[in-house]
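J.: Here is how the chains run, residue by residue.
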Amino acid sequence: NAGVTQTPKFQVLKTGQSMTLQCAQDMNHNSMYWYRQDPGMGLRLIYYSASEGTTDKGEVPNGYNVSRLNKREFSLRLESAAPSQTSVYFCASSGFGTEHNYGYTFGSGTRLTVV
Amino acid sequence: AQSVTQLDSQVPVFEEAPVELRCNYSSSVSVYLFWYVQYPNQGLQLLLKYLSGSTLVESINGFEAEFNKSQTSFHLRKPSVHISDTAEYFCAGTNSGGYQKVTFGTGTKLQVIP
Chain A
8 NAGVTQTPKF QVLKTGQSMT LQCAQDMNHN SMYWYRQDPG MGLRLIYYSA SEGTTDKGEV
68 PNGYNVSRLN KREFSLRLES AAPSQTSVYF CASSGFGTEH NYGYTFGSGT RLTVV
Chain B
138 AQSVTQLDSQ VPVFEEAPVE LRCNYSSSVS VYLFWYVQYP NQGLQLLLKY LSGSTLVESI
198 NGFEAEFNKS QTSFHLRKPS VHISDTAEYF CAGTNSGGYQ KVTFGTGTKL QVIP
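Chains as they are written, first to last, in our numbering: chain A, 8 to 122; chain B, 138 to 251.
Derived from the structure by calculation, the hints contain no laboratory data. Using N, Cα and C, we set each Cβ at its ideal position, and we do this for glycine too. Fair warning: there could be bad hints in the mix.
No more than 30 Å apart at the CA atoms, straight line, and that leaves these computed lysine-lysine pairs for DSSO-like [unchecked claim]:
#, chain 1, residue 1, chain 2, residue 2
1, B, K246, B, K186
2, B, K186, B, K215
3, A, K78, A, K64
4, B, K206, B, K238
5, B, K246, A, K78
6, B, K186, A, K78
7, B, K215, B, K238
8, A, K16, B, K206
9, B, K238, A, K78
10, B, K206, A, K21
11, B, K246, B, K206
12, B, K215, A, K64
13, A, K16, A, K64
14, B, K206, A, K78
15, A, K21, B, K186
Label-pair ranges, simulated between beta-carbon atoms [to be verified]:
#, chain 1, residue 1, chain 2, residue 2, range
16, A, E66, B, Q179, 20 to 28 Å
17, A, T12, B, S140, 38 to 46 Å
18, B, I250, A, S58, 20 to 28 Å
19, B, Q182, A, S91, 44 to 52 Å
20, B, L183, A, G70, 44 to 52 Å
21, B, Q179, A, Q24, 37 to 45 Å
22, B, E203, A, S25, 41 to 49 Å
23, B, S140, A, F17, 17 to 25 Å
Coverage of chain B stretches by chain A, computed from C-beta distances (three or more under 8 Å per stretch; other residues unrestricted) [to be verified]:
#, region
24, 180-193
25, 238-244
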């Protein structure tokens, strides 16, 4: 089925470990995003990529890096995990240019716990 | 700055009763407005959207929202809720006509009581 695929679905890290969250979309969308979701805080944008070859910081970029590998894939890396990065991470994508493309398509999320 | 405000963090309602989930936006995000739904342990799904034209928009499962420019609101309503509507609902908006950078509200948890 068409959509956004995130891996892994669950992960437990020790403080200081690194990991990469993977995201791929097959809808030929230009824009991709990484959000984190914490109770009572809604979704906060970490990084986004408006188009292939570009990335920009969002609201909470500290402690993260991203790579837009190609049009389909957008990865999020935690270089040295901290307990404050315990969260649910969502990848999303969007197209633009025609009305029916507005709105995001979300992946199913990655639940990350840092101990 | 862009902002979207959801006034209620939780809304309990009895099954088959009507419900309204409130959302207000700042004028800088008035161009396109969305409601997303998140069922437990799942990602967000687009429920409905206002882009232009008719101010009343509907979803396929009976929800509707009305764009009210004078009150800067985009409240979500359903005349009769079902147990299956239990979820968290997010209001969102963007003022971008091309590339999108959407601002999300903090979410409202709808709890339908049998």
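J.: If a hint holds in the structure, say so; if it does not, say that too.
T.: Evaluation of the provided hints:
1. B:K246 <-> B:K186: 19 Å, holds
2. B:K186 <-> B:K215: The hint holds at about 15 Å.
3. A:K78 <-> A:K64: Holds: A:K78 and A:K64 sit about 18 Å apart, inside 30 Å.
4. B:K206 <-> B:K238: 21 Å, holds
5. B:K246 <-> A:K78: Outside the cut-off at roughly 34 Å; violated.
6. B:K186 <-> A:K78: Between B:K186 and A:K78 the Cα gap is close to 26 Å, so the pair holds against 30 Å.
7. B:K215 <-> B:K238: 28 Å, holds
8. A:K16 <-> B:K206: 40 Å, violated
9. B:K238 <-> A:K78: It holds: about 18 Å lies between the C-alpha atoms, which stays within 30 Å.
10. B:K206 <-> A:K21: 49 Å, violated
11. B:K246 <-> B:K206: The given pair, whose Cα atoms are some 25 Å apart, holds under the 30 Å limit.
12. B:K215 <-> A:K64: Answer violated: B:K215 to A:K64 is near 37 Å, above 30 Å.
13. A:K16 <-> A:K64: Holds. A:K16 to A:K64 sits at ~24 Å (cutoff 30 Å).
14. B:K206 <-> A:K78: At roughly 37 Å apart (the allowed maximum being 30 Å), A:K78 and B:K206 break the hint.
15. A:K21 <-> B:K186: 41 Å, violated
16. A:E66 <-> B:Q179: 20 to 28 Å: 23 Å, holds
17. A:T12 <-> B:S140: 38 to 46 Å: 31 Å, violated
18. B:I250 <-> A:S58: 20 to 28 Å: 46 Å, violated
19. B:Q182 <-> A:S91: 44 to 52 Å: Because 28 Å falls outside the window, the suggested range is violated.
20. B:L183 <-> A:G70: 44 to 52 Å: 29 Å, violated
21. B:Q179 <-> A:Q24: 37 to 45 Å: 27 Å, violated
22. B:E203 <-> A:S25: 41 to 49 Å: 47 Å, holds
23. B:S140 <-> A:F17: 17 to 25 Å: 33 Å, violated
24. 180-193: Answer holds; 6 residues pass the 8 Å Cβ test.
25. 238-244: holds (count 6)
Checked against the numbered hints given earlier, this structure breaks hints 5, 8, 10, 12, 14, 15, 17, 18, 19, 20, 21, 23; the rest are met.
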